[in-house]
Amino acid sequence: MATQQPFRWSLGKIFGLYTVAFLGVTVLIGLAEQFLGLPNRWIGWLFMALSLGIYIVIGVITRTSDSDQYYVAGRGVPALYNGMATGSDWMSAASFISMAGALSVQGFSGLAYVMGWTGGYVLLAVFLGPYLRQFGAYTIPDFLGGRYGGTAPRLVGVLAAVLCSFTYLIAQVTGVGLIVSRFLGLNFNVGVFVGLVGVLFCSVLGGMRSVTWTQVAQYIILIISYLVPVVVLSWQLFTFPFPQFVYGQLLQRNSAAAIQVTNDPKEAATRALWKQEADAAAAKLKDPALSDAEREKLSAQQKTAAAQAKPPAAPGATVANYLLVPKGIGMWNFLALTFCLMVGTAGLPHILTRYYTTPSVKEARRSVAWGLFFIFLLYFTAPAYAAFARFVVYTRLVGTHIADLPRWVTLWKPAGLFDVVDKLGDGVVQLADFVIKSSDFVVLAMPEIAGLPFVITGLVMAGGLAAALSTADGLLLTIANAISHDLYYKIIDPKAPLIRRLTITKIFLIVTALIAASVATFRLAIIVELVAWAFSLAAASFFPALVMGIWWKRANRPGAVAGMVIGLATTLLYMVGSRFYGMTWWGTATVASGVFGIPLGFVTIYVVSLLTAPPPERVQELVSSVRYPKATVSSAEFAH
Amino acid sequence: MAELTETQKNEYWRYNIRLTVILLVIWALFGYVLGGLLAGELNRVTVLGFPLGYYVAAQGSLAVFVIEIAVYARLMNKKDHEFGLDEGAA
Chain R
1 MATQQPFRWS LGKIFGLYTV AFLGVTVLIG LAEQFLGLPN RWIGWLFMAL SLGIYIVIGV
61 ITRTSDSDQY YVAGRGVPAL YNGMATGSDW MSAASFISMA GALSVQGFSG LAYVMGWTGG
121 YVLLAVFLGP YLRQFGAYTI PDFLGGRYGG TAPRLVGVLA AVLCSFTYLI AQVTGVGLIV
181 SRFLGLNFNV GVFVGLVGVL FCSVLGGMRS VTWTQVAQYI ILIISYLVPV VVLSWQLFTF
241 PFPQFVYGQL LQRNSAAAIQ VTNDPKEAAT RALWKQEADA AAAKLKDPAL SDAEREKLSA
301 QQKTAAAQAK PPAAPGATVA NYLLVPKGIG MWNFLALTFC LMVGTAGLPH ILTRYYTTPS
361 VKEARRSVAW GLFFIFLLYF TAPAYAAFAR FVVYTRLVGT HIADLPRWVT LWKPAGLFDV
421 VDKLGDGVVQ LADFVIKSSD FVVLAMPEIA GLPFVITGLV MAGGLAAALS TADGLLLTIA
481 NAISHDLYYK IIDPKAPLIR RLTITKIFLI VTALIAASVA TFRLAIIVEL VAWAFSLAAA
541 SFFPALVMGI WWKRANRPGA VAGMVIGLAT TLLYMVGSRF YGMTWWGTAT VASGVFGIPL
601 GFVTIYVVSL LTAPPPERVQ ELVSSVRYPK ATVSSAEFAH
Chain G
641 MAELTETQKN EYWRYNIRLT VILLVIWALF GYVLGGLLAG ELNRVTVLGF PLGYYVAAQG
701 SLAVFVIEIA VYARLMNKKD HEFGLDEGAA
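These protein sequence lines map, in sequence, to chains R and G.
According to the working numbering, the stretch in the first sequence is residues 1 to 640, in order.
According to the working numbering, the stretch in the second sequence is residues 641 to 730, in order.
None of these hints come from the bench; they were simulated from the model.
Note that beta-carbon positions come from the ideal geometry of N, C-alpha and C, so glycine has one too.
Check each hint, because a few of them may be wrong.
What the hints assert, rightly or not - Non-contacting residues of chain R with respect to chain G, defined by C-beta distances greater than 12 Å in every case (computed):
no., residue
1, Val126
2, Leu285
3, Ala314
4, Glu363
5, Arg396
6, Val420
7, Ile492
8, Phe522
As the list claims (entries may be wrong) - Listed next, with one range per pair, are the computed distances between beta-carbon atoms:
no., chain 1, residue 1, chain 2, residue 2, range
9, R, Leu17, G, Gly724, 35 to 43 Å
10, R, Gly16, G, Thr645, 40 to 48 Å
11, G, Thr647, R, Ile526, 50 to 58 Å
12, R, Thr584, G, Val665, 29 to 37 Å
13, R, Leu610, G, Glu651, 27 to 35 Å
Claimed, not checked - Once the Cα atoms are required to be at most 25 Å apart in a straight line, the calculated SDA-like pairs of lysine to any residue come out as:
no., chain 1, residue 1, chain 2, residue 2
14, R, Lys553, G, Tyr655
15, G, Lys718, R, Arg75
16, G, Lys719, R, Phe127
17, G, Lys719, R, Glu621
18, G, Lys718, R, Pro78
19, G, Lys649, R, Arg627
20, G, Lys718, R, Gly136
21, G, Lys649, R, Gln620
22, R, Lys553, G, Arg658
23, R, Lys327, G, Leu669
24, R, Lys327, G, Arg684
25, R, Lys553, G, Leu663
26, R, Lys327, G, Val685
27, R, Lys327, G, Val665
28, R, Lys553, G, Thr645
29, R, Lys275, R, Val420
30, R, Lys13, R, Thr62
All chains should be built: construct the whole structure from the sequences, respecting the hints.
Set out below in structure tokens:
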């Protein structure tokens, strides 16, 4: 596209300058900290104001009321930038803050997330992305409505999109609240609403157009802030700036340290004390007269103590638990979870809509590649983060005197992510004395672990905020568009003028954001679990209907509706059944519920489609024409 | 699209299917077999300190996925050009 060349060049310039300016300001704040003694709280506020300011300015500059711009960014986002936007749209607070920590605690089993959340892009690239672009709809329910015809597929699509996206959105809003409250000392609820301002400014003013360019800016902040601390630590330990390639040595040393800790008599004595505490709490829990509050407290205590009592390697083992590959049911669940996460990744509507925004099918293909590359940069660093954090705990914390703890421990202890207790009373820290309450400390405390100034912690805060806000942006827009475009415009009032449609979208953006924020203020413990469930739900509802719709001419409306409903229902049934009522199919974990719904969805679409009349000739031609990129799609459903 | 004959269309589509199948086989091999089922066996081999099974699941498979998608984009875009399906030029 010759006409787009200058546009792309100036984009490179803009974002290049932006990156340099952002780094420059970070350095300036660092200098102010070093020489003027800028207090930590101020640094937190500066980063918060700076990043929110950037997002708001982008929102204002890119505001629009053109429908193509508002829904699909004018289909003019070059592959590279759509890739960055996909990266930050995809990587949430969970990827940024929690993943490395989870890997450090769960070991090999946690790698299901790393593989699942990246492998899904292969499915997306070959089955969906380019074809969705060629169809050229506005939203995912819009595609279902156009491909299968009638209101039912669209309606089920709206329902599933809202179901998957909303729980995910609450988790992001909670993440924003946590980050803001932790770094700025604001009340959690205030933090949530401050963060919402940043999200709403973009999405309300410029829809997909603003969200896209904000997400690009957010990706740049989040990747810089993720890489800096661990690169510095890698330099300190190995004089090598790529932690991703050297942490193998740490894995070995960590494994050796874990075995040593397992066999150490003082460690064993500490673990025995924890075991006593766990048993005592368990015994007290049997008392039927306990109040609910006491019961909750005791069972939490019992859980912590039991976890601390567990040795980091099996007795007599030659490798730490950390590196052990699960067997039997454990392996089945590992594979099933990987599968659900992969298919779910390729079925989440807020990611799929990103491929509507590229100028061509070619660019859509390229942009999946760029997207995964940008995600890969963070994901292949996460296991290194986990190993470095473990290494530091083994070498710089275990064995130190309780009165002489490392700086990062004293700095982060009040945050309540971990605790150091001298269980044995010998004045020396044993590994079993280090109580991890939230593995998030791995990413959050890394700058201090590496001995970096507080400005880097501020940078990490800005990165976490960018990750949470960018994902929230994408989700919010998906929900609002599903309701306003598909439910209101396409089903309820097809004659609604553009202005009214956009106004309704904006109202729904604000209403959805407010509902999500108020749900987040309840701090429900189940939210984290629900996010993992969203993948199975998306996988079982959207993926079969989308893939069959693109790849099989014969797939028809009854088939698609039945497939989506049955896929969704089976998955929900197993989720609720296994989580709350002790139901179990081959020992499958609740998070991997989609493993039954996905194949069942495909089979249902196949069988029901064959049992009912084929779709109209016009639709079948449309499906074949989508295979060849140059063909113009002119079906009435897709002419907006 | 009018310029493409039925044979050309078939040829183009068959190429796409073949490429898709090959990529999916590699995807499953790394994602499920080497990074899952056989990871325990692979862990007996250590490269640069990394137990191989752990490495495949943590980094190797991810790199393979990125390369796969890049290869897919490149080959399909080339094929489009070959068949005159450059929709951008229109």
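Quiz item: Okay, which hints does this one fail, numbers in order?
Solution: 1, 4
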